Amino acid sequence: MIVTRRGDRGQTTVELALLLPLVAVLILLVLQFGLVLRDQLMVVHAAREAARAAAVAEGDPAAAARSGAERSGSLDPARLELTTTPTERDERISVVVRYRSSTDVPLVGPLLPDVDLEGTMVMMRESTTQDRVK
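The opening residue of the sequence shown carries number 237 in this note's numbering; numbering runs sequentially from there.
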């Protein structure tokens, strides 16, 4: 038989009421971290796709890189910034993708600043038909 004191009734309920908001905020913080991590992976993927598009482009590599980055996934094109630089006598092309990931999870999002993410990719330019003729 379990014997309890009369003053201990409801103690568990009070402890739960005190800890539940902290646990909820912790879960929301983990969720926000996961969303920023997903955005970082998407930025790296966008850089890879942009560099590939610029490497095989017949015309303007910057426009091809922008198009490749925008088609790569679910990143908001308005917050996407690209820098395309040919390197080493135009044999390689370097693409830097910058993206501002918003922290918009309820309760914790307004407390955290937006995160600036960056991904860089360098690829060899593929020869075009004009290059093969030379």
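The hints are simulated quantities; they were obtained by calculation from the structure and are not laboratory data. Fair warning: there could be bad hints in the mix.
What the hints assert, rightly or not - Label-pair ranges, simulated between beta-carbon atoms:
1. 245 <-> 352: 31 to 39 Å
2. 340 <-> 277: 16 to 24 Å
3. 299 <-> 267: 35 to 43 Å
4. 252 <-> 277: 35 to 43 Å
5. 348 <-> 255: 20 to 28 Å
Everything numeric in this text was worked out from a predicted model, so none of it was measured. For each residue, glycine too, the CB sits at the ideal point set by N, CA and C.
Results of checking the hints against the structure:
1. 245 <-> 352: 31 to 39 Å: Given range 31 to 39 Å: violated, Cβ gap about 52 Å.
2. 340 <-> 277: 16 to 24 Å: Roughly 18 Å apart at Cβ, these two residues keep to the hinted range, so it holds.
3. 299 <-> 267: 35 to 43 Å: Check passed, 36 Å falls within 35 to 43 Å.
4. 252 <-> 277: 35 to 43 Å: For residue 252 and residue 277 the Cβ distance comes to about 36 Å; the hint holds.
5. 348 <-> 255: 20 to 28 Å: holds (22 Å)
Hint check: a violation occurs at hint 1 only; the rest are consistent with the structure.
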